Amino acid sequence: MTQAQGYGGTIAHGILQTPPSYSVYKEDGSYEFEAPVFHFDDGTSMQWQHRHPIAMAKEKQLDFRQFRVLASTYLAWDITDDLEFRTNLSTDINYFAQDQFTPSTSARPGTAWVYGNLTRSYNVNWVNENTLTYTKSFGVHNLSVLGGFTSQKSQFDYNDMFAWDYPNDEVATLNASPISQGTQYKSEWSLLSLLARVNYDYKRKYMLTATVRRDGSSRFGDDTKWGTFPSASLGWRVSEEDFLSSSGTVSELKLRASYGITGSNDISNYGSYGGVGGNNYILGSGDGNIAGGLVQKSISNPMLSWEQTNELDLGFELGLFDDRIYVNFDYYKSLTDGLLLDVPIPLSNGFGSSLQNIGSVENKGIELSIDGRIIENGEFNWSANFNISFNRNEVKSMGPTDAPIIVGPRNFFNNLAYITTVGEPIGSFYGYTTEGVYMTNAEAEADPAKFPKASAGDWNFLDRNGDGVMNSEDQGVIGNNVPDFIYGISSNMTWKGFDFNFTLQGVEGASVMNGMIRNMYRWYAGQNKNYWKSEAEPGDGQTPKPGGINQNRNVSTWWIEDASFLRIKNLTFGYTIPASVFNGKISKLRVYTNVQNLYTFTSYPLYNPEVNTGEGDDYMQLTPGLDFGTYPIPRVVTFGVNLQF
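For the sequence shown, numbering that gives the first Met the number 0 begins at 0 and goes up steadily by one.
Hints were generated in silico from the structure; no laboratory data involved.
These figures come from a predicted structure and were not determined experimentally.
Treat each hint with caution, since some may be false.
[As the list claims (entries may be wrong)] Straight-line Cα separation of at most 35 Å, DSBU-like style, residue types lysine-lysine; simulated pairs: (1) LYS204 <-> LYS152; (2) LYS25 <-> LYS57; (3) LYS204 <-> LYS363; (4) LYS584 <-> LYS495; (5) LYS59 <-> LYS296; (6) LYS395 <-> LYS296; (7) LYS59 <-> LYS185; (8) LYS568 <-> LYS495; (9) LYS332 <-> LYS363; (10) LYS253 <-> LYS332; (11) LYS296 <-> LYS185; (12) LYS253 <-> LYS25; (13) LYS253 <-> LYS135; (14) LYS363 <-> LYS568; (15) LYS363 <-> LYS395; (16) LYS395 <-> LYS495; (17) LYS452 <-> LYS495; (18) LYS202 <-> LYS135; (19) LYS59 <-> LYS204; (20) LYS568 <-> LYS253; (21) LYS568 <-> LYS332; (22) LYS202 <-> LYS253; (23) LYS332 <-> LYS224; (24) LYS57 <-> LYS568; (25) LYS135 <-> LYS185; (26) LYS202 <-> LYS363; (27) LYS202 <-> LYS152; (28) LYS587 <-> LYS568; (29) LYS532 <-> LYS584; (30) LYS152 <-> LYS332.
[To be verified] For each label pair, taking beta carbons as the anchor points, the in silico distance ranges come out as: (31) VAL468 <-> ARG391: 31 to 37 Å; (32) THR79 <-> GLY138: 15 to 21 Å; (33) ILE369 <-> LYS584: 56 to 62 Å; (34) PRO399 <-> ASP222: 20 to 26 Å; (35) LYS363 <-> ILE324: 47 to 53 Å; (36) ARG391 <-> ALA96: 42 to 48 Å; (37) GLY28 <-> GLN60: 19 to 25 Å; (38) LEU313 <-> GLY247: 26 to 32 Å; (39) LYS587 <-> TRP225: 52 to 58 Å; (40) LYS363 <-> GLY247: 32 to 38 Å.
The beta-carbon is built from N, C-alpha and C at its ideal position, and this holds for glycine as well.
Working from the sequences, and respecting the hints, build out all of it.
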């Protein structure tokens, strides 16, 4: 249950912006709904309006059910010793139902919105694969050739009904209220692929793989459905050469290189077509009558086609001391061209955005993994893994004019908070740069490049373009969500019947846009000893006065938080009772406890540094790393028993 209807957003959002001094309950045990009045140091005051987060959490009813069937079957026919035909059929049938009811007790009397919602969805997805494989060895030559085709289809049916005219809280189902609004839509998509692959090796030392796919997607127009995606890879097992085969140190050394093209059709169904949807209009004299009709809901793009990624990968595998230490290393560089993006367009077109193939983005980096069997002495064994990866993301082009795309997440106070522009990572944070606060009125008045009415205690924003005027032209890139590197550590130890393992997950150098700060500073600054109170008590010079309205709530570097963290992701401790205890009646009995997300070491001030509440947004590819009331990840403790007879 992560979403609360109406003002207040998520329950986490409501909790974070509720002052800790505010009472949850009255003395009689009922919820405290009376909104307090806040008096600020600048002489202003404001009555705080809110949705009670505890009332929302306890009173709101949310019930969901899911029934899912995953099934697969195959048929293999050995036509000859060297030739095999294989067909696979798999299905995924998913039914989801959700019932929601928000009673009057969830909000202040007289303001509560009694609200009901019923959602049903049904999805059937099937995949059929048919391949013919020829495998043959000719002395030191080994050959495998595969050819075939696959087909896939998905059908989706969705129904959503709302009601908000309930007479009371007695009956929570939709039959207690007229249906206020309803939505139903059906969609389907299909994919047809032709594929071929050749594997060849010489003496198991020199290896070649070549593949080609030709994919056709229903999501694109008639003339742009198909894309061709070839790839090739080479491998050389150097450790099999005479000069290394007898080495006591190097037990495995393999060099590899690959280059290929892949495609993406990750857009909405019918994304290239101009969609039509229902719309009402009032016709007639007086109050008129509501007449139903159809209007175009989205703009078509018949030239929309596959997003393509060209990638080069170079790497090696190195085993030392009979593979006691094993190293995997990869360097990659990819260029994605014809990005499938929802691009904002002038509203004079009748639409707010258009799905287009536009621009290119480069990703390059390295990945390193080291596995070690550190101790192996029978009673005590210890193995560990360390992995780290570095990735750099850069927009290379943005169409013919390289015009940037500047967007804001949906329902984010209309703030244009993200920019995708040449030379920067995709979806970079966009806003003003703060240079502290004005310590005195004289300092503010002496600055020609300030917002009108800015005074002591307000932000001093950087005049980025140096024209002496503070306006939207002074916004720019203020950070991004791309980490410097990510890493992980895992360890597994066994001693006699005991076993202990853990997994650590780390991210370094990522930033998050803390959207909550827009609301929180106004309430919490009064509890922060470092905020600007007066010229005599200016605080730390980096925290504005509470209650200020002189553009202090603009998106700025103040919103950007360091989201580096190290998390104890998984920890397990177990004991296996010797089988001899059971005289052969039980072959294995293991008891264990497991803890997930035990602790996160981070300086990030909110619940979870791994965030993106822009998911599901119209521009979700372009708005990463936003925290606007994200829920904390749960700590899960499990006790279990493994029993084998």
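Do the hints match the structure? See the list:
Distance hint between LYS204 and LYS152 is unfulfilled; the C-alpha atoms sit about 41 Å from each other, more than 35 Å. Proposed proximity of LYS25 and LYS57 is supported: the alpha carbons are some 16 Å apart, at most 35 Å. In summary, the hint linking LYS204 to LYS363 is supported, as the alpha carbons are separated by about 29 Å, within the 35 Å threshold. Between LYS584 and LYS495 the alpha-carbon distance is near 21 Å, which keeps this suggested pair within the 35 Å criterion.
Pair hint LYS59 plus LYS296 holds up; C-alpha atoms about 33 Å apart against a cutoff of 35 Å. Pair hint LYS395 plus LYS296 holds up; C-alpha atoms about 32 Å apart against a cutoff of 35 Å. For the suggested pair LYS59 and LYS185, the alpha carbons sit about 29 Å apart, so the restraint of at most 35 Å is met. Simply put, LYS568 and LYS495 have alpha-carbon atoms about 25 Å apart, close enough for the 35 Å limit, and the pair holds.
Taking the CA atoms of LYS332 and LYS363, the gap is about 4 Å. The hint holds against a cut of 35 Å. Taking the CA atoms of LYS253 and LYS332, the gap is about 20 Å. The hint holds against a cut of 35 Å. Distance check on the hinted pair: LYS296 and LYS185 sit about 16 Å apart at the alpha-carbon level, within 35 Å; holds. In summary, the hint linking LYS253 to LYS25 is not supported, as the alpha carbons are separated by about 71 Å, beyond the 35 Å threshold.
Between LYS253 and LYS135 the CA atoms are separated by roughly 24 Å; this keeps the pair inside 35 Å, and the hint holds. At roughly 27 Å between alpha-carbon atoms, LYS363 and LYS568 fall within 35 Å of each other, so this suggested pair holds. Pair hint LYS363 plus LYS395 holds up; C-alpha atoms about 13 Å apart against a cutoff of 35 Å. Restraint check for LYS395 and LYS495: the C-alpha separation of about 56 Å exceeds 35 Å, so the hint is violated.
Of the supplied pair hints, the one linking LYS452 and LYS495 is violated, its CA atoms being roughly 74 Å apart against a limit of 35 Å. In summary, the hint linking LYS202 to LYS135 is supported, as the alpha carbons are separated by about 14 Å, within the 35 Å threshold. At roughly 64 Å between alpha-carbon atoms, LYS59 and LYS204 are farther apart than 35 Å, so this suggested pair is violated. For the hint pairing LYS568 with LYS253, the CA-to-CA distance comes to about 32 Å; that is within 35 Å, so the pair holds.
Distance restraint check for LYS568 and LYS332: the Cα-Cα separation of roughly 30 Å lies within the 35 Å cut-off, and the hinted pair is therefore satisfied. For the given pair, LYS202 sits about 14 Å from LYS253 by alpha-carbon distance, which is consistent with the 35 Å threshold. Under the criterion of a C-alpha separation no larger than 35 Å, the hint pairing LYS332 with LYS224 is consistent with the structure, at around 27 Å. Distance hint between LYS57 and LYS568 is fulfilled; the C-alpha atoms sit about 29 Å from each other, no more than 35 Å.
At roughly 48 Å between alpha-carbon atoms, LYS135 and LYS185 are farther apart than 35 Å, so this suggested pair is violated. With a CA separation close to 33 Å, the supplied pair LYS202 and LYS363 stays within the 35 Å bound. Restraint check for LYS202 and LYS152: the C-alpha separation of about 42 Å exceeds 35 Å, so the hint is violated. Distance hint between LYS587 and LYS568 is fulfilled; the C-alpha atoms sit about 27 Å from each other, no more than 35 Å.
At roughly 76 Å between alpha-carbon atoms, LYS532 and LYS584 are farther apart than 35 Å, so this suggested pair is violated. This hinted pair checks out: LYS152 and LYS332 have alpha carbons roughly 32 Å apart, not beyond 35 Å. Our hint of 31 to 37 Å for VAL468 and ARG391 holds, since their Cβ atoms are close to 35 Å apart. For THR79 and GLY138, the hinted distance range of 15 to 21 Å is satisfied, since their beta carbons lie about 20 Å from each other.
Distance hint check: the CB atoms of ILE369 and LYS584 are about 43 Å apart, inconsistent with the given range 56 to 62 Å. Taken as a hint, the range 20 to 26 Å holds for the pair PRO399 and ASP222, whose Cβ atoms sit roughly 21 Å apart. The hinted window of 47 to 53 Å between LYS363 and ILE324 is violated, with their beta carbons roughly 27 Å apart. Checked against the given bound of 42 to 48 Å, the beta carbons of ARG391 and ALA96, roughly 44 Å apart, stay inside it.
Taken as a hint, the range 19 to 25 Å holds for the pair GLY28 and GLN60, whose Cβ atoms sit roughly 20 Å apart. Distance hint for LEU313 and GLY247: a CB-CB separation of about 28 Å, consistent with the stated range 26 to 32 Å. One distance hint, 52 to 58 Å for the beta-carbon pair LYS587 and TRP225, holds here, with the actual separation near 53 Å. One distance hint, 32 to 38 Å for the beta-carbon pair LYS363 and GLY247, holds here, with the actual separation near 37 Å.
Checked against the numbered hints given earlier, the structure breaks hints 1, 12, 16, 17, 19, 25, 27, 29, 33 and 35 and satisfies all the rest.
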